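Undergrad: Chains as they are written, first to last, in this note's numbering: chain A, 1 to 428; chain B, 1 to 428; chain C, 1 to 428; chain D, 1 to 428.
Worth flagging that the hints you see were computed from the coordinates, not collected in a lab.
Note that this is a predicted model, so its numbers are computed, not measured.
You may find that some hints are simply not true.
[As the list claims (entries may be wrong)] Here are the computed lysine-lysine pairs in the DSS-like style, where the Cα-Cα straight-line distance is at most 27 Å:
hint : chain 1 : residue 1 : chain 2 : residue 2
1    : A       : K33       : A       : K9
2    : A       : K317      : C       : K209
3    : B       : K409      : A       : K9
4 protein chains.
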Amino acid sequence: MQQPLTEEKVFKDPVHNYIHVQDTVIWRLINTKEFQRLRRIRQLGTTYLTFHGAEHSRFSHSLGVYEITRRIISQFERSGYKDWIPEERLLTLCAALLHDLGHGPFSHSIEEAFQMNHEDWTCRIILEDTGITEILQEVEEDFPQKVASVICKKYEHDIVVNLVSSPLDADRMDYLLRDAYYTGVNYGTIDIDRILRVLRPYHGRVVVKESGMHAIEDYLMSRYQMYWQVYFHPVTRSSEIILRQVFRRAKQLFQKGYSFRFMVEPLTDFFRGGINVQQYLQLDEALVQATFMQWASESDELLSDLCSRFIHRKLYKYVEMESLDMETIDEIRRSFAAAGLHPEYDLEIDFPTDLPYDVFRPGEGFHGKQILLLDRQERLREISEVSDIVRSISGIHRGRYHLYYPQDKLERALPMLPDSIKELFEIR
Amino acid sequence: MQQPLTEEKVFKDPVHNYIHVQDTVIWRLINTKEFQRLRRIRQLGTTYLTFHGAEHSRFSHSLGVYEITRRIISQFERSGYKDWIPEERLLTLCAALLHDLGHGPFSHSIEEAFQMNHEDWTCRIILEDTGITEILQEVEEDFPQKVASVICKKYEHDIVVNLVSSPLDADRMDYLLRDAYYTGVNYGTIDIDRILRVLRPYHGRVVVKESGMHAIEDYLMSRYQMYWQVYFHPVTRSSEIILRQVFRRAKQLFQKGYSFRFMVEPLTDFFRGGINVQQYLQLDEALVQATFMQWASESDELLSDLCSRFIHRKLYKYVEMESLDMETIDEIRRSFAAAGLHPEYDLEIDFPTDLPYDVFRPGEGFHGKQILLLDRQERLREISEVSDIVRSISGIHRGRYHLYYPQDKLERALPMLPDSIKELFEIR
Amino acid sequence: MQQPLTEEKVFKDPVHNYIHVQDTVIWRLINTKEFQRLRRIRQLGTTYLTFHGAEHSRFSHSLGVYEITRRIISQFERSGYKDWIPEERLLTLCAALLHDLGHGPFSHSIEEAFQMNHEDWTCRIILEDTGITEILQEVEEDFPQKVASVICKKYEHDIVVNLVSSPLDADRMDYLLRDAYYTGVNYGTIDIDRILRVLRPYHGRVVVKESGMHAIEDYLMSRYQMYWQVYFHPVTRSSEIILRQVFRRAKQLFQKGYSFRFMVEPLTDFFRGGINVQQYLQLDEALVQATFMQWASESDELLSDLCSRFIHRKLYKYVEMESLDMETIDEIRRSFAAAGLHPEYDLEIDFPTDLPYDVFRPGEGFHGKQILLLDRQERLREISEVSDIVRSISGIHRGRYHLYYPQDKLERALPMLPDSIKELFEIR
Amino acid sequence: MQQPLTEEKVFKDPVHNYIHVQDTVIWRLINTKEFQRLRRIRQLGTTYLTFHGAEHSRFSHSLGVYEITRRIISQFERSGYKDWIPEERLLTLCAALLHDLGHGPFSHSIEEAFQMNHEDWTCRIILEDTGITEILQEVEEDFPQKVASVICKKYEHDIVVNLVSSPLDADRMDYLLRDAYYTGVNYGTIDIDRILRVLRPYHGRVVVKESGMHAIEDYLMSRYQMYWQVYFHPVTRSSEIILRQVFRRAKQLFQKGYSFRFMVEPLTDFFRGGINVQQYLQLDEALVQATFMQWASESDELLSDLCSRFIHRKLYKYVEMESLDMETIDEIRRSFAAAGLHPEYDLEIDFPTDLPYDVFRPGEGFHGKQILLLDRQERLREISEVSDIVRSISGIHRGRYHLYYPQDKLERALPMLPDSIKELFEIR
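Bound-form chain A, shown alone (with noise of 0.2 Å):
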């Protein structure tokens, strides 16, 4: 099991051209059904609602992450850098590909929706006996839960859980290619060949060569703009309030024992909170998507405009604001109502935000969210130390508040809406 392929397997990759597979463990992983399933979850949600090309899956992102971290491993034994630890090639290489194993259909949603975690479902299929579990008991007795303890980051050889799980991980690096290819937008375009030849292993983490700074600022900067380009666009932004607000609904009715017209397994015992492993490797985008089509003729109205949004894509308008507070909310919630608005429903408020990048704060030691530098003189330093890009745009908090609502039906309820409001929407 543990023997390389008699030849080597390649998946044409349009991100990196090939994905190369030498070894009959992860060749068999790639062909589970629990991991086929990944294609039918895309990797960023509800984006493709509005960047079109992106509706790549999570299933390609899986195979882009694995090939990564097959170059740095395969770098660090080139370079025999003796910090590496050989035997553990497999593990991480096990660990890389399965890392996103439990997400979900439109994860975030409905994660948020229902306080689930990806990760541990994660964990879950790879020891609740599955195929995975199966194959990786192969190798080894124990090594399902290795693989899990390294992507729960508790594995005892910090290199391994380092190279999954860091902010230079070959997670971060493939999303960023992928989602900037897919995308379109080519702010997430970082120089890959470059970064790669500069990560050393150092005592138990992975660290950067000093002549690689350049190539690390570049990388901070492309993942800020995918950010505030990508990730946070007001309008993915919207599909997801969207989305979680079906959920929320749903499970509302469903807890008040309304009759769906149409209702399926699993999503029966998903409302009920309690389904097992092979139920959850049902759910996919395939089955979320059908099932909104259906309850878009369902006679609860409220769900049913919230389905038909979401499969029509007549998602919720928005406006910006600098600042807001509770009583301004309030007082929106309040007119709201009275004019015949759903309080809670048609109005979501949102205020995405994100640190580039975490500096080092003296006194509190280095760890895992840091990136260090490594001089010729064998120091190391954390990168903001040296690098005036990145500590000028560490810790810059920006962001908006984003209101958003259903523009037809405050259209509809004009009359009854304070002018104050009206103004706040922009609504003449």
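Using the hints provided, position chains B, C and D relative to the given structure of chain A.
TA: For chains B, C and D alone, coordinates are given in the frame of chain A:
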């Protein structure tokens, strides 16, 4: 309605960088639910099971075809070519945008199984009282009819038809570029800017200035390569075969009165053979995938096995043969039946073929399937008369027989199969 | 003369795909020997000795600047912006095309050594009876003066000057893209289509629509990265230093009456300090390189050594220092002299610095060095007021001292150098 | 000397991203003045006068050929192919790096005018006591001889020769990619990663795994397109003709004892026909261009006119003819002479031709000019036996006669030319 937008709108597109929308009509058509439905139909059907990157939708492609058409027309107008009819701009753009509107989920397979035709559905959606019809009628009462007639190649002005359907149309140019981009196969990369520069309207059709001959040679070679590398890829064909078998089996069961564990509208009417436009618009790939996932637990073994294969990507294997006669096929089917295999479902024969370019045959006159070069003396010549390359690839019939079969079943039936069959399928 | 060409001409360009020439004047200007001379002047001087791909000429760059300007204007015209002056189109294009006409061979170094200025030469070539002058005069008697005044930033219409010289001008956009392309360094890849879309003429200058802020942030970061990765690369600086030393030495020798083994017109007049336009136009990099090759056999050892170093790329090494005071410099020079090294030629000190973007300082008013954003309420704001990123990088002064020296000579002088010096130069 | 470098060195390259140097010998060879000289010889001669981007040097190309060879060998070693001889690695890399060392300035034209051969010069530079010879001798006393014999295709191990010169060698792959990149013509973009993956050493030569056939088809088509789009471009041919005429005229004048206004070593010995290696190494394109600039003021009108044409890009025009017989040529020359034109210099006839791929002809045996496919049964077949495309393009002889002439002179001589000639040259 025929007015331009007050401000041009753009879609970010990874292939064309930006898609420019300048007309209110186009903007409104894109926002109909009929057009948004194309987001739920993949451009390349099951190809994503072979090239994992190819998850793009017909929505993206339709925008691309529109954009290329817009650029061609804008080039015509800038050059002041007198054989172009400026009044036909909007009609041409609408036809380009909508030409794929009637595609169903996994259309190649579904059309074969149900003997339908997506072009008919395109015209019905345009003509039968949908949101699309309404918008087009606002332009002119009979504008829906005009758009449909362009798509059906019956419109009075040939130049319009020619832009939308011809061997050098915007459809082909976009799909070559787009499919190459998403699969990562770089053979499809054509020099679109160059091609656009050398197109000219001339006596009711689009011809090519002679100086552009090499760009066209390159385009025809790219087309040829994409056919053999991507569109006819045996793994994709394998998944299409399974898909067709699912549809075929489900239809048989439905007609026999089998009681499905899972069945939902509009599938029942679809199997009955009589759905209307509104029902057709509910068909999408989410529905098909969600249904297959449910059917993977049907009691009919054949159906559940086929669905499970499709969802979990356990495809049929294949052997390739240079030639194959009816006698051999009969022999295989007989042996299969004798060994307990299904003579119909456990063996499918495929013979993909493509003519890279149909040559002009003297005496036939010029027709729509030809590419004509216009030289400085304003003489028209069919490209294969001038280009050695095109002449030499024209009429190349390539193709081999592929026999597809479920390997696991064959292996189980092995003891009962004659040696000749074992040899044929390279099983020992 | 002001007529458009009967048929648009194109140049194939790897950066912009095609350069479109639509005016007879532009076509004729490109074909003058004055403009063709730019083929023999490299865009990045000696940078090809660091990045071997960077062998592109000012000819290519000048075409690129012209093309970007053409696209901006064409965008202005299509959008019907009323603050653009359509009559200035040809003038702007001519100024864009010709703005680098006066660059001499390896201009950075030659200008420093001979205290000249390429802008002066550009204007002289435009004004003093060359083929260029003649073509421009055919447009209008004082057209040469107008073109020159745009280049010298004195033309009456600010918007024209602004297009040709400003922090967002076509010059900078082309060189970032082009230098990135030819060096292979991908940090310079900016989204030019996006930037062009967000530019607007407004009250006599080019401003940026607020929605384009991120594209400008990205552009400023790219600029910053290109400065530190490419333009200030220490190996390039080393070659420039040698070049300057050659010119300096040759001038000294010439003034002392040294009899050169090889000397050719117009170099003698050049050393004498009085060449005219016709002579200046004979200066190119072929002449410089051929001369250096000959001078590598001069009897003056310093000159022949320097020339040989340049031609055969035996550059100076360098050490980097965070700080450096006059005292230390004096000490090094004294020690060098004492050890038989040349205190002037064997040690050069360099301190490259760049301000990525100059912020607006309140009270200074808007001036040409700023980038202004125009929001929907038609308010103008300087970009660093709005963008955290720009604010944080503005005013970053980076830079370290670099000491350049001939390693072989230093090693030979080693026994005579004090330990402090050895340590400084990391020689043991 | 045969040791690896302590740390791998890289060159940033726009085509291959990075060129990796791992051996001390390679590093030292690159830094010789003989190799650095290639920076002053353009890869595509005068092509930059047609495609302004094509200003790249043989230095870049030589590094590229080295890098592709390194990747092929590294792929051979990783796959453990037993038909590869690991001991020949360094020899192969040296031969790949140095194979173009003997190219002179504008070599196609200079070689034709002086009946020299760059391969001979390559071998002389390797063998006759240069910096190159010295470094190679440190590997092994007869290593220079070995390297030279590989380049001359006489080395005992065919596989080494085959890697450096064959229809699929690293030389061709690099120049297709590089020339496409610098000209901006995208027809040359081949899938190098794919090609490298399908190469295999087999019985003393490099063959192609059958699964790679389409990649090779694409490669041969790209080669064909680049020949007709770039290498045979009539404007480039025009500049080459002028260049050849300059050399021819200068040689005639020199032999007649003409006293040149400008003449410099080693040109005199070169015209005399007897330069040695050291003198040859001083020939570069800077010298040629600087000389032509000076000769543009020579008293010999023919010479000064030709030089001026070359420097200022006032090239010959051409007419294209499908066929041309000796009689017509004689007639033109006679008419030219009668009209005061130079029958030899004012008319040049060119007939470019290329065979995209030489087919195997049965009975000839396999030889170096063929591409062989290896199928799963380890059968070797010449590619045109298997590929319809290759068969159909093999043996295509394309080519038309081009008559080049100085248009201005012809126009002046117009009254004295017979109508038949005027018609031929399309002058009215």
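Undergrad: Is the straight-line distance between the alpha-carbon of A:K33 and that of A:K9 27 Å or less?
TA: 19 Å, holds
Undergrad: Given the hint that B:K409 pairs with A:K9, does the C-alpha gap stay at or below 27 Å?
TA: This hinted pair holds, its Cα atoms lying about 25 Å apart.
Undergrad: For a C-alpha distance cap of 27 Å, please report whether A:K317 and C:K209 respect it.
TA: 21 Å, holds
Hint violations for this structure: none, all hints satisfied.
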